[in-house]
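K.L.:
Residues per chain, in single letters:
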Amino acid sequence: MNAKTKTVIRIVGISLSIIMSVFILVTIPVYSWFAKRNLNVYAPITTSTSLYIGAGNGEDIRYLYFDGIDVENKTTYKDYVFSVSGEFVKHYKLQLAFTTNNQFTFELYRASDEGPDSIDGSVVYTTHGENEEVITYYIQGSALRGTYLNKDGNSILGKTDDDYYEQTYGEYENVNKYAVPLYWQTTDTIDLDDGAAFTHYFILRVKTNNKELNDRETDIICIAAKDFISADHPEGD
Amino acid sequence: MKTSKLKIITSLSICLVCIVLLILTFSYASQAFAWFAYNDNVSADGMSIAVKTDDYNIYIDSSNKYNALDANNKEAYEGMGSFKEIIANQGAVFNNGDNLITGQSLALELDNEFQYENKYYLIPGSYGSFTIYMDKLVEEDIEVSLNFSLSGYKMGYDDNYEAYAFIDNSPNFIKALELIKGHILFFEDRDVSNGKPTNYYNLIDGTYVYNTSGKTKEIGGKYDGLYKITIYWEWPLLYLDIVEGLSSQSEVKKYPYELAQYIQSHKNYFFASNIDSTNLDDLGDGYNDGDQLIGDNIHYLLLRLE
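Sequence order for the protein chains is A and B. Under numbering that gives the first Met the number 0, the residues of the first sequence are numbered 0 to 236, in order. Under numbering that gives the first Met the number 0, the residues of the second sequence are numbered 0 to 305, in order.
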């Protein structure tokens, strides 16, 4: 074997060693990964939604009150602003529950502090805290569609023989008919696409229905918001 | 002298090549064997092999409870497609009975028994299980050890408002990852009454050991001859529920005694902040804050068994 042949063999041998060493580096990790299979158990966690009612400017609910309805000066309605704030909510509905002693009726409107000025109504709200600010909320669009869940026919009274009555009063029957709350709920869900934090404003219009006497009667009205998994627009709009 | 040196180098090179060839042959042969073994055990009824050893095989069943492609579930399990893609990219395939790729890890759904309006919710108060099946290949009893590791992903929205899963590096996310270890608890067994769990036994803290001694195999059906291993989980609704349900050394209640010790040694898994107080209201608030932190930060749970 001459020197040239030996050199060629040497070069081939060393080259093969280098190539195979690279193969080892590639192959062993692949084998390890293959040999170490595992089991994955997975599930989606449902985010805790937050949804709460507040006063104007998203302030705490303690600043929300519906007072001072003076019907003797020919007031036919009075508007109040409130907010609904939340996070990770996709869709929600609003519900009003109210007693009927004064026989007022109620309408709900979406509202915004960014106008445009609305001929349908507005509410001036003064914020609380050190730097008071005056914000005007304007009605946006027409009144929200809604239905009574327990209205007794054409009267303004709530049914006394249904599940709602039982949930409120149980088996107790000695209840004044005007103290049986009416439940009114928006027909359509209010939809948020991305679940991000939000604050929506609404104007509650309390209609006095030609009541002329300030008889210092009181009623109770509760506003509730509930999140829904999917959108609900019964008439497709 | 020069010739002898060259001879040594050449011999060493040839030896090295031979060793490399031997290692490669062994490595490729092992893979080929495993490939055949793997495919031999994928059955037509949806059962898939997940772990294969000389002593036992572990199978999992098929399920599609959280299938993001299911139109009925789309709203509730937003972003699941993205999350499953992450699991797939880590080498796992899903046990839907098809599309199995040789040599990969498998993924199964955590079975959730808590429903609201026909949707499954993994939230405080929910509970369920997951089941694997073991085929023992040797005569004598064996002991299988599975290491548990819990992790999670957060949901975000891209520019097109499409949901996707990702790992967040925020302190809240990192804390939430810690909290899931105390809020989602795993047990070896449970009792059920009227469809609700009443008692749990043996808290699983990191490692689960299953011994076939004294256990019976399933009889009939596609599970015939396999050991059924079910692990139960619960996300207790309130800290008060845990406290009131804790067994003592003298009285058996809903949760096993070792959970009390687990809480004592892992308070950071249960409460959102460091609480020195022993006041139950304060502790309950800390636990609820923990739930909130989990819900705000972890939207997909991943339990890995190795």
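Hints may be right or wrong, so weigh each one.
[As the list claims (entries may be wrong)] Below, a list of computed lysine-lysine pairs in the DSSO-like style, where the Cα atoms sit at most 30 angstroms apart:
1. Lys227(B) / Lys225(A)
2. Lys266(B) / Lys180(B)
3. Lys118(B) / Lys92(A)
4. Lys3(A) / Lys4(B)
5. Lys5(A) / Lys195(B)
6. Lys225(A) / Lys64(B)
7. Lys216(B) / Lys89(A)
8. Lys135(B) / Lys118(B)
9. Lys266(B) / Lys252(B)
10. Lys3(A) / Lys6(B)
11. Lys221(B) / Lys118(B)
12. Lys5(A) / Lys216(B)
13. Lys118(B) / Lys89(A)
14. Lys64(B) / Lys92(A)
15. Lys89(A) / Lys180(B)
16. Lys64(B) / Lys89(A)
17. Lys225(A) / Lys195(B)
18. Lys253(B) / Lys266(B)
19. Lys64(B) / Lys174(B)
20. Lys176(A) / Lys225(A)
21. Lys227(B) / Lys64(B)
22. Lys73(A) / Lys210(A)
It should be emphasised that the hints constitute simulated quantities derived from the structure, not laboratory data.
K.L.:
Which of the numbered hints above does this structure break?
P.N.:
1, 5, 7, 8, 12
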